[in-house]
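Asks: Those sequence lines, one after another, are chains A and B. Numbering-wise (the numbering used here), the first sequence opens with residue 1 and increments by one. Numbering-wise (the numbering used here), the second sequence opens with residue 1 and increments by one.
There's no promise every hint is true.
Claimed, not checked - A few chain B positions that, by computed beta-carbon distances, are all more than 12 Å from chain A:
1) 28
2) 29
3) 97
Stated by the list, open to error - Below, a list of computed lysine to any residue pairs in the SDA-like style, where the Cα atoms sit at most 25 Å apart:
4) B:38 x A:398
5) B:243 x A:220
6) B:243 x B:227
7) B:315 x B:374
8) A:394 x B:236
9) A:394 x B:315
10) B:243 x B:198
11) A:394 x B:148
12) B:243 x A:332
13) A:394 x B:29
14) A:394 x B:374
15) B:243 x A:306
Hints were generated in silico from the structure; no laboratory data involved. Note that CB positions come from ideal geometry on N, CA and C, so glycine has one too.
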Amino acid sequence: MRLVVLGAAASAILGCAAEEGSSEAPVTPPADAVSVSGVTFVDVTAETGLDFVHATDSAGTFPMPAIMGGGVAAFDADGDGLLDLYFPNAGSEIAGESGRNRFYLQRSRGRFVDATEGSGLDNPGYGMGAAVGDIDNDGDLDLYVTNLGPDVLYRNEGGGRFVDASASFGVATSGWSTSAVFFDADLDGWLDLYVARYVQWNEPRECQVQGGRVDYCGPQQFEGEADVFYRNEGGRRFVDRSREAGVSQIGDAGLGVVAVDLDEDGLPDVYVANDADPNQLWINRGDGVFEDDAVLLGAAYNRFGVGEAGMGIALGDIDGDRDLDLFLSHLIEETNTLYLNLGGTPGATDGFEDRAAEAGLAAPSTPYTGFGTAFFDADNDGDLDLAVVNGAVKRRPEVLSDRDDWFWRGYAEPNLLMLGDGAGVFADASAASGDFGTALDVSRGLVPFDLEGDGDLDLLVSNLEGSARVYRNETIADPVLAAGTGAGWVRLRVIDPELRRTALGASVVAWVDGRPLRRLVLPLGGYLTGGEAPLHIGLGDATSVERFEVTWPGGTVEEFDGVDGGSDVTLLRGEGR
Amino acid sequence: MRSFAVFIGFIAAAASGAELPNPDLTAVEPRVRAAIEKELATAAREPDSPSTWGRLAMTLHAHQFDEEAAVAYAEASRLAPGDFRWLYLRANVEEASDPAAAVALYHQAVELDPNYAPARIRLASALEKTGLAADADGHYREAARLEPDNAVAHLGLGRLALARGDVDQATRHLERAYELSPETQAVVAMLSRARHRAGDRDGARRLAQAARDLPPLLHQRDPRRAEVDLLAVDSESFLRRSKTYRETGQLQASLGELRRLVELEPGNAQAHFAAAGVHDRMNRPGEAVAAARRALKLDPDLVGGRAVLAGALFKLGQFEEAAAEAERVLAEDPADIHMLLVTTMLAMRENDVVRALERLDRAAAAGASEPRMRDLMIRLQLELADALGGAGLYDDAARRIEQVVETLERAGAGDSELQPHRRRLASYRERARG
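Just need the whole structure built from these sequences, with the hints factored in.
Replies: Right, here's the structure in full:
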């Protein structure tokens, strides 16, 4: 058994340098190091050098794609151990120079520089979102950009430079792609790709809504578009297997997607949030075919049997029962929906049930339209919390913002921060969460990530027709010193050395004070969002993790020794017990 | 621009202590603006009349000025505290943005009129939305007692029983809801869940498949709320009401809404197109053709209108023109199931079996979700199977029957419906072997 704390092997595989101030055993903190009375985020965008502004050049003209984008990708593009950022935009053909996609390298902790020029990532298409994964197992992360129009696959050449590999890899998705995800569907070691697609939008028209007002069209005005599944053949090319897999038989308005083993049979399934259509839960049969069991398993419709406007998806074990619960963000006047996993036996799940109201997640969400969403531990207490970023798709009945641009202020909404108690109940902490909960933007993408590497999770938000924002978590005065004081943490990379990449799909249980905290090794997701970031586990009052159990893709289980709080840890497949 | 009368009304209303709502009417249809301004002016003249405030509230509500409607309903309630309507409709408005406030209002409304079943149902569903599902059961039960054939009440009772883990009781209520409303997504999906929980995986899967293709909403009879909806004068509302009537089989009322819209907007292509569809459903192909032609004259790109035209022309026996229109639609949308079936029938009329088979295969590949189209496709498959079997082409005939079985399975058909086709399939296969 070998557990690597900031292991050299992992660094070599990832091509990353050691992170500053993140490796040593915890130091006894001063008494005032921890302050967890309120979870607070402060807008520090200006300090980071991030100056991305999303632009559609569409105010007052109501082309439907303009109200849906744009997302973000957060990943270590140049192998220096720091997360870099990529922002799809409306495209230079639509919005000129201000509509260009942008790529930012994090040159030093918390400092970004625009590195678009020369990166090869300057795609002129109408950008929506992005997915990230190592498509050829060469140790660096590649990028898939979803567009209204042909998508683009960028192969990472190292050093922050990419080449368009769409043609050589056989990727030719057109139409209106939204979210996408890399995952190893057949457990052959190569990352396959699922692309959610929205509607067959073909005319730039506006729609009249009830009451006689003109606004953006909804998905019901257009035919839905079937999703696409690509099988990765040996890291050399992708082959479109949508028909054989069964996913092309349903043309619904897909927006969010996550690939994870939801029936616990060892095979990753695919869950798609559809807009005004029932959601799909594509159960992986293991023979190349997926079967949609969403209705059967209670994850297609809300508690009233109604298909909602599914936008983003968050995934996590919210109640500590070690199964995975699903959360979907929705339209104003609908509630966001929590599909609580009812458990069952491997391969024979009892399915899900809408428990949003019981969990306290319904009522706070009804006045807003939710998009990006993620479960994350905001205060390092070991319980999963929830963030949802909001922004209307039709002019709000009550305008909340007084920002300068008259048109977009009608769509701006505040975000939601819900604090979990670890038993499946959440309290609305939005109003007291600082800038994150009070900013009024038209938000779409969301990424929890540790900007400063100090042991708490900050938030990155991409906004439609506005600046991307970075919110620094100021909940804990000095998280580096927080172990044993209610806000300890460990940060985890989970690597398969043979594949030279993150073991996407692996399940980690960290035993903390006798309590199992289950976390999944998955790409970043939510809504139009992709990327890879280390797992972050809050320890609460504990000073250490007692042990880790890792279930690797394919079902092999290994156990690893525990570590002290404040550690960066890399778990390598084959090195456990 | 606000009228002088409304301005005077503002002053008058302010003097009496009540403040007139001030909706932003800058970006609404002129017809909507006129309707709201008229009610504002009336309320300004009659600030002490609860019915005037109520009418203003309903007009605002009908046009989705919810915040302003809530204010007006509140004033109507203040002036007439014993009037159930204003409390109930205000709760309707509040439910979307503040379910907890709606619960309190529904409770008060139910106290004023305990026998209005829709209020019981809305209270129960608001309780569910606020995490008080246990309190909802009694209200669904009372609604089912007041209206034993209320599918929404049985759906609610079944849903709550399922959440409690009482699968037997859930199944009883959901089967009753299914009996009352078999073509509703919410009912069929929930029954699928109950069957799955009861261990009937195949039955559950069939229902789950069928649910996908059904209309999502269960239309709840609610005369009080319907009065509000009828006040909406924007064109979208006429079309929406017409669609609701059509989906609930009230075709004459559906047509009535479209006629009102056409009177107001003779150039509304969507209205003529929708009217063509309703005439078609009423089996009036002549009127359908005329309405479709009007729609296409106004908007030649209206592919849906052309499809209705082709179908109606076929019914009228104008086959050549029907074929031309159908092919135009298929050039735009090669998977249009209706047109594929029309052209199958045209090919069958001409004894062009090869073409008929090709079109029917394309229709089967496209998949028929609407029950009417599905039934037509099955009928054509069976007719062609008979023809092929009669010609000794048993393999081909068997293939047709296979497609019928697959289509019915996808639609959630039970064994009794499938059995005759399976027997027929076995017979063709045996003859093919022999």
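Asks: Would you pick out the hints that fail for this structure and give their numbers low to high?
Replies: 1, 2, 3, 9, 10, 11, 14
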